[in-house]
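Engineer: Quick mapping for you: the protein sequence lines, in order, are chains A and B. Sequential numbering from 39 applies to the first sequence in this note's numbering. Sequential numbering from 39 applies to the second sequence in this note's numbering.
Please note that a few of the clues may not be correct.
[To be verified] Only pairs whose alpha carbons sit at most 27 Å apart, straight line, appear in this in silico DSSO-like list of lysine-lysine: (1) K498/B <-> K540/B; (2) K252/A <-> K275/A; (3) K535/B <-> K460/A; (4) K498/A <-> K535/B; (5) K498/B <-> K540/A; (6) K156/B <-> K252/A; (7) K535/A <-> K498/B; (8) K302/A <-> K90/A; (9) K498/B <-> K498/A; (10) K400/B <-> K205/A; (11) K535/A <-> K535/B; (12) K205/B <-> K400/A; (13) K355/A <-> K398/B.
[To be verified] Derived list of chain B stretches under chain A, where covered just means 3 residues or more per stretch with a C-beta under 8 Å from a C-beta of chain A: (14) 200-212; (15) 482-491.
Calculated from the structure, these hints are not laboratory results. Every residue, glycine too, gets a C-beta built ideally from N, C-alpha and C.
There are 2 protein chains.
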Amino acid sequence: MKLAHFILLVLIFAFSHAISGQNLRSPDGNLSFDFSLSGTGEPTYKLSYKGKPVLAASRIGFELKGQPALLGGFTAVDTKRAEKDEAWNPVWGEVKTIRNHYRELAVTLQQTVAVDEKGNVHPNADVFSSAANSNAKRLTRQIVLRFRLFDDGLGFRCEFPVQNDLKYFTLADEKTEFNLTGDHKTFWIPGDYDSNEFVYTTSKLSEIDATIGKAADEIAFRTPIAANAVQTPLMMKTADGRYINIHEAALVNYPAMYMMVDRKTFGMTSHLAPNAVGSAAFLQTPARTPWRTVIVSDKATDILASKLILNLNEPTKIEDTSWIKPQKMIGVWWELHVNRSSWNYSDVNNIILADTDWSKMKPNGRHGANTANVKRYIDFAAKNGIDGVLVEGWNVGWEDWFGNWKEDVFDFVTPYPDFDVKELQRYAVSKEVKLIMHHETSGSATNYERRLDEAFRFMKANSYDAVKTGYVGKIVPRGEFHDGQWMINHYNHVAAKAAAYKIMIDPHEPVRPTGLSRTFPNWLASEAARGNEFNAWSSGNPPEHETILPFTRLMGGPMDYTPGIFEIKMSHYDPKKKEQVHTTLAKQLALYVTMFSPLQMAADLPENYEKRIDAFQFIRDVAVDWDDTRIVEAEPGDFVTIARKAKGRDEWYVGAITDENARTTTVPLDFLTPGREYVATVYTDAADAHWEKNPMAYKIMSQNVNGRAVLKLSLAPGGGAAVSIKLRR
Amino acid sequence: MKLAHFILLVLIFAFSHAISGQNLRSPDGNLSFDFSLSGTGEPTYKLSYKGKPVLAASRIGFELKGQPALLGGFTAVDTKRAEKDEAWNPVWGEVKTIRNHYRELAVTLQQTVAVDEKGNVHPNADVFSSAANSNAKRLTRQIVLRFRLFDDGLGFRCEFPVQNDLKYFTLADEKTEFNLTGDHKTFWIPGDYDSNEFVYTTSKLSEIDATIGKAADEIAFRTPIAANAVQTPLMMKTADGRYINIHEAALVNYPAMYMMVDRKTFGMTSHLAPNAVGSAAFLQTPARTPWRTVIVSDKATDILASKLILNLNEPTKIEDTSWIKPQKMIGVWWELHVNRSSWNYSDVNNIILADTDWSKMKPNGRHGANTANVKRYIDFAAKNGIDGVLVEGWNVGWEDWFGNWKEDVFDFVTPYPDFDVKELQRYAVSKEVKLIMHHETSGSATNYERRLDEAFRFMKANSYDAVKTGYVGKIVPRGEFHDGQWMINHYNHVAAKAAAYKIMIDPHEPVRPTGLSRTFPNWLASEAARGNEFNAWSSGNPPEHETILPFTRLMGGPMDYTPGIFEIKMSHYDPKKKEQVHTTLAKQLALYVTMFSPLQMAADLPENYEKRIDAFQFIRDVAVDWDDTRIVEAEPGDFVTIARKAKGRDEWYVGAITDENARTTTVPLDFLTPGREYVATVYTDAADAHWEKNPMAYKIMSQNVNGRAVLKLSLAPGGGAAVSIKLRR
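Just chain A, with the same shape it has in the complex (with noise of 0.2 Å):
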């Protein structure tokens, strides 16, 4: 066969599967999902849900550096379908079996381009028909769409096998296309390489402005990239109430994505963390994009009950898990955010690591880590049922560690000469406590990576099984940004060293979670969005955050808010502060429920628990594994309210929130075991209780219930209620 035969045969072959598209059906048939390829060859999906569209044909391609770009001029040389319906048992979660069902479409793609020595696309498309090819070469490369339809979504990801034309490739961008078909409401915070900790605007997609300033209050470090760029996981809901959440799935190996938007069509464009070369990505084949997700239903429920971005992650490669424990922490924290003590030991600055001896530093009497107080927390922990007690600032090198782009910030190893290792570890041993331990990074991953085995064994040396690692601050290796490959690959790398030593870690700083948890289900929690610590020190986080976050951040996995704050006002410690948690107590205990996490902080100090010894009872119940999740109602902005299962337990824990507004809410208890009798215990808002004017009035009440009872709970402005459910005995 001649080479210009060969090309007229591509392009008919091209043409036939341009106009013959393939569909797809989720299991329930709501989802119809299209491909193509357009004219030119560009690939193209279509989604639509109960036969509206969802999203409007959107291409899906890659740009390339030093190479051709994979956009279009493509072909479709091989389509495979297949079905899944399987179900499997996290480690631990939100249920005890989840289940997997989705159909599958698998596009095989081949492009044909002619380059010139530079790696250019010939300016002579006929080249290898004319006689002028001297420089030219053909480049042939395969990519693989797969698609994967669910009841509750589509995920789809690019894989790049291996090929002769394509083995070491640099990505400069993907530019993959989520057109929506309306001015949506929806629910975002600005797009930025470094930070994830903004409040959250609700907008129309056209009013999206990320240059808002106010939403970073108090950031410590970021980095914007354009006005029209968001972060996902990005909520939206249609004006005729349809709900659309967009995020990705199983982050590995490749830069994060964001959303950039254009605020006339409704159309959006993926853009990827940068490196410090300049471009995005260094890939190998086999390699393949994280899967993009688009969930969809027309209940709000739905979307907080959705399985899946778990679904899509990769099953763990752990094979003991029996180690990994979910739990309930203390910690010497909150005191430090209140500024009732200091992470550094010493007020000097300008300290360099290897050359201080900290044995002849001045103490500045505030240093929070400190053996003695290490031991009230310990105390505390082992009196309440509490299983760890972290500890910040017990490591030296706090007295400079933020702002400087510093490499050698913290060794890791190193105590406070106040701080007695061997000593707390003894006396936490002896009172059934877990210590749990303390790594900021400052950003500097170079550092961390270089100590982490040294890290780790001393961790294990001194009975500490948990981690809570921090990236604040500008990141080294200097260039790379939070959320750029490099950095996605160092979070991951600790987890599995992590796992390797058979610790738990709980980032705070990274990017947002994408459902790894499910591989790395060492990988407790994450931080990653606006925590309750922005209320001890600026504006806060308003009303309605904690019925946003579940919509958005959590949905790629668990997050370490950090609840439970029972002194609402900083006032309490320093009559200036106008600070305060933007909830009611009563709200803070809701959130136990609400706010999944496997590690869950009980955040204020032990004697503001002392004083509420009775309200603090729900923490000392509440579970942080479950069985059963039931998404009761929620509306993003407005209310959530969840009821879950303990696992392996009869027990069940009700959290219901509101934003800013009162609200009445009705619990059917109508997943309790029928013919069992239980008693309900409400932790709801006094009647005269509001957020900011009267927020720590609660009451208590017990009640006998069963099945067909139903909880009617009164929800304060800013309020909300937390009920444990337990056999009758």
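Following the hints, put chain B in place on chain A, whose structure we already have.
Structural biologist: Just chain B, lined up with the frame of chain A:
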């Protein structure tokens, strides 16, 4: 005191110093040094030798990023003088005891500038005495210039003390001048951020053209700087016979320095290797530059005998150095370079380390690092008193290790299926031979640091206590260079971590050394120049190469040059090959003496040594650590003759080498202990030997000698002679 008065006083003070300079004379009076401030407050120094200028007035200064420069406007606020004369014993070295004798001048300079809100110098110098000072603030910064004048040269550095207006700062570049006074003959290689593996060019300063391509033949990866950029150590000879060597000592937490040559004025200005974010160095006070060194003599032999660079390095902090052992090694190495076997086990390419099942790979049948072959080397080492056996290609990843800016290239702990770690450990221990580890990083330093603890623990568990590391390729973190601050810190980190594990190191392709083996005596040697291996597969190293290296690369420390090639012509392995070593066999022997290293490889194959076991006897005998060294005669580019006394033994070794010209050299043996009788065994070129035409013709003669004898050695073109002198029994 009012502000305006203060400024006036400072100006007067400055002026008084600008006219009254400071002078230092070397202890022997030959060197004279002057420091002064120019009329505009620029720190300026001059150096002369025996009354003739070496360096004309040369400025010292720094460009900063985000802050005004530290170039001029200085006043001297303090001056201190000191003298030191001490002796110290290196852990290993060319001599048993080193004298450290210098006179020191330390000048504290202060600069006050007005800066605007952006940190730029305020345009109105009188801002503080006028009303227009609203946006300006005063910045007062001090630096200390420390000069040490030895009999053999000058060392100086800049220190940045802790101070309010200089805590963290970013260097854009260093602008320190070395203004030579004539168009000297110069032995140079191109300035390059990533390589030192060049052939030396000898030219006048005015003729330097670093774009010369031939000198770079077969260098795997390099990043040229500019046509007028050259590497240090830079060796020069003046028209009237003085020798000048410029380099640096104690390169710690700072980028490597290059010389930018003004080919018209013969002035040279420093330039620093940049980092990934467009600056040169991130520093925090107290900080200091490495020492800038200028070694001067009218005898070339004094240059080689100088210990100035070692004297300017910090003493070691390693308390127990008993585990540090100078040694000889052979290795599965040259057979790889001559293509008798391969590093890689399989011939596939495109490997992803984590996803590859090596047991299922198809072996190529040529893998050098297989158990049986390594045992063959162990046997040879045991039989011939060689301490160690290096094995390259033992670990998985070599199928796909170079050229793709890949990060996860090697894991440093997984052997190929045919390399039995435990059996080889057992076998080597039984033969009292040490296996030497090999860690090629492919330039991916992050990957190496991440795995370093595990790699070192693997070594110790398998009885390895020395490692040859390698840095072939583009650096990861991407955007960094081999010679940049980040990599400098990496090399030093590896040295320190290795010391903690009692591991000796031998980095290949690192920055060129600066005497840090004093501080890290486990850092036995480095490559960092064009080694013998280039003779196997490139145009090679011209016959003069080894007469230049001691004056250039070796000024900073020992080189693992891998001498001892007996099969000179590569046609031995493949009749088609034209490559060859550009020396005679006898010269290969002489290199063990002329090219000091406490780690010396006998680089050729065991079978090649067995064929000429009489010549190999010299390699068996020669020491690698010395009580005394006499530089008998030397001329860069022409010849070097050195005699050394073995550590702790009354045994001397002489090496004499020449360039492409034949040469007769006489060596008076007056260094021998008076009254004692010795046997000298002379390994020298046969009468008709010639590096190209007849390189392997050698002869061995023994004669009785004593301290009154004079050896006469005839060296062929490209030839050499090696002599062992042992006590007569």
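Engineer: Evaluate each hint against the coordinates.
Structural biologist: Quick rundown of the hints versus the structure:
no., hint, in the structure
1, K498/B <-> K540/B, "holds (9 Å)"
2, K252/A <-> K275/A, "holds (24 Å)"
3, K535/B <-> K460/A, "holds (25 Å)"
4, K498/A <-> K535/B, "holds (21 Å)"
5, K498/B <-> K540/A, "holds (23 Å)"
6, K156/B <-> K252/A, "holds (24 Å)"
7, K535/A <-> K498/B, "holds (21 Å)"
8, K302/A <-> K90/A, "holds (21 Å)"
9, K498/B <-> K498/A, "holds (21 Å)"
10, K400/B <-> K205/A, "holds (20 Å)"
11, K535/A <-> K535/B, "holds (19 Å)"
12, K205/B <-> K400/A, "holds (20 Å)"
13, K355/A <-> K398/B, "holds (21 Å)"
14, 200-212, "holds (count 3)"
15, 482-491, "holds (count 5)"
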